[in-house]
Amino acid sequence: MTTSNGALLRVDDLVLHFRTARGVVRAVDGVHFELRHQEAVVVLGESGCGKSSLARAILRLLPRNVQTYSGKVVLDGSDLMTLDEEAFRRNVRWVRLSLVPQSALASLNPVLKVGDQVAEPMQVHFNLDRKEALAQARQMFQHVGVPADFMERYAFELSGGMRQRVAIAMSLVTAPAVIVLDEPTSALDVLTQANIMNMLKRLKHTLETSFILITHDIATSSELADRVAVMYAGQIVEVSDAARFFSAPLHPYSQKLMASVPRLRGAAEPDFIAGRPPSLFDLPSGCRFAPRCPHRFARCAEEPPVVKHGGRQVKCWLHV
Amino acid sequence: MVDDMRARALDPAATAAPEALLSIRDLHVWFELRRWGFGRAGYVRAVDGVSFDLRQGEAVAVVGESGCGKSSLMRTLLGLHRPTRGAVIFAGHDLARLSPARMKWYRAQVGFVQQDPFGALPPFMTVARILEEPLIVNGVKDRAERQARIHRALEEVRLSPVDDFLHKFPHMLSGGQQQRLVIARAVILGPRLIVADEPVSMLDASVRVEILRLLRGLQESHNLAVIYITHDLSTVRYFSERLFVMYAGRLVERAGVEALLREPRHPYTRALLAATSDPDAKNAAVFREVPPGEPPSLLRPPPGCRFHPRCAQAIQGLCAVDDPPDFEPAPAHFAKCWLNR
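First to last, the protein sequences are chains A and B.
Per our numbering: the first sequence = residues 1 to 320.
Per our numbering: the second sequence = residues 321 to 661.
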């Protein structure tokens, strides 16, 4: 484990491009960010910005049509990109890094009891026998707040919230250093959502887990975020600590995005962002947000650099 | 049993408030669960005693979690389910008594905006064809008039320049544009009522407000009545004047939006409000209060108040026994909760 202020996971110039009939999709296009020990970083973005591809790129869960896959993913000081697939599967995926996929129902096997599914990673990765693995799974069920007798059930017998908890238990059972959660609450009801967020907050402290939470839901993301990374058209345009992000975001896109959130408390009228994000097939040169940006000026035709100050980073000419 | 329930009801059209466009009277929508094809396992009481009136030009929001019966309520309003008991009265006509020809008239009076725009649009039809279909079905014979109305509808939802969109297929549009097309289809026949089922929940944050504003604008300019069904309390105040909170088949609280958000009277409403976050870094430091358990089964709902097994303020010997009626703790603010007696 690294020191408390050093990076646990560092993503450096990560690129993931796909080859399709219509051309190359630049889904992840030079992404940089860091995750510290016991920290939750929220990757915030709208549909099609490449945030789910970023999750796949970090966990190396790649489809067949990959055009380019490069950059660095450094976990605890070692670059995972240098590992071959077998070493990655054996020692990293689900051992050090795990994923809670977008749809809990789709990620659970319909014909296996959920208890066995949570136990399985322990059997596969740590050679436990079934009995020992089930004992570990039982403990995990307790952590995520699912009664132990639910281990005997099948996925269809559980409510949406319970399924999500089981999916989280499945990713936690091997005690990984980092869990990537892809839209963990977007399909859930308000009260269930609040329950899951409460549970994640608790797990962060009791299990000392670090989270990468990928979501489009700005309000809910503030329940867990220590830091926020905003993704737009394949790139991260801002990384700020939560306190400063939610009160004063730096990038014009972050500002517009925050202004578009309807609020329950406070009377501010929300606004929308005119236009639409660029196609990942055909990205504009220069700043990718420039065509929709109210502060656009001549310089924006050139690619903006990543500016770092005061522990924040922003990819925008206004802050140079 | 179902039939004599229907027979017992008096002529409901006579009891509707005269100024109401839509009047829901003690509506029950139950679904029979059969066992082995013969026996009856019971009824799923999806809607269990819902009443409200809606004036021309008024927007109301119905908020509830999945499984609370809001979709069954909506489908009954659209004429897709028959009420088990009670009635839906539109402009003085009881829906259950409309002839098939009048039902077609009713469907033209009610526009429907679906939750998932892509799923609601036929993938093999162009924009022009999608909008022409309802006009053809409803007997607009003149081709030029159809074209003119398609143009007008597209301009109203700001899919312009219109000619750029007419020959596109749904997959060529962005999510926001698809939802505009769904809205154009819902208004093209000049309805008096729009039922919008979670119209923005599938859209990105940055376009949600744009779609809500569009709906609001159409509602005002055409003096439409709108029923906005959602699970998201944070959008209701920008859209509707009144808010109904639905729980386990019933409207447990009904009030003006501002009054309800400022001073909720039902513990379930309070729980929903407490669980809804606004973007704020302070949220990460606290746990949200959530009532224990899950909504009850609609097959065997608990006796008394349906929220009592989860309610911290339940009154011993009352809430678990007697069904709370509609109390009116403030003018035009109704809550089905004994705390307001």
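Hints are supplied without guarantee of correctness; some may be wrong.
Only some residues are given here: those of chain B computed to face chain A with a beta carbon under 7 Å [what the hints assert, rightly or not]:
#	residue
1	Glu530
2	Leu538
3	Ser541
4	Thr555
5	Asp600
6	Phe607
Here chain A is said to cover these stretches of chain B; the calculated rule only asks that three of the stretch's residues, wherever they fall, bring their Cβ under 8 Å from a Cβ of chain A [claimed, not checked]:
#	stretch
7	445 to 455
8	542 to 554
9	574 to 581
10	610 to 622
Residues from chain B that face chain A, not an exhaustive set, calculated with beta carbons under 8 Å [claimed, not checked]:
#	residue
11	Phe372
12	Val529
13	Thr596
Keep in mind that the hints were calculated from the coordinates and are not lab data.
The beta-carbon is built from N, C-alpha and C at its ideal position, and this holds for glycine as well.
Verification of the hints:
no.	hint	in the structure
1	Glu530	holds, 4 Å
2	Leu538	violated, 16 Å
3	Ser541	violated, 19 Å
4	Thr555	holds, 5 Å
5	Asp600	holds, 6 Å
6	Phe607	holds, 5 Å
7	445 to 455	violated (count 0)
8	542 to 554	holds (count 4)
9	574 to 581	violated (count 1)
10	610 to 622	holds (count 3)
11	Phe372	violated, 22 Å
12	Val529	holds, 4 Å
13	Thr596	holds, 5 Å
In this structure, the earlier hints numbered 2, 3, 7, 9, 11 are contradicted, and the remaining ones agree with it.
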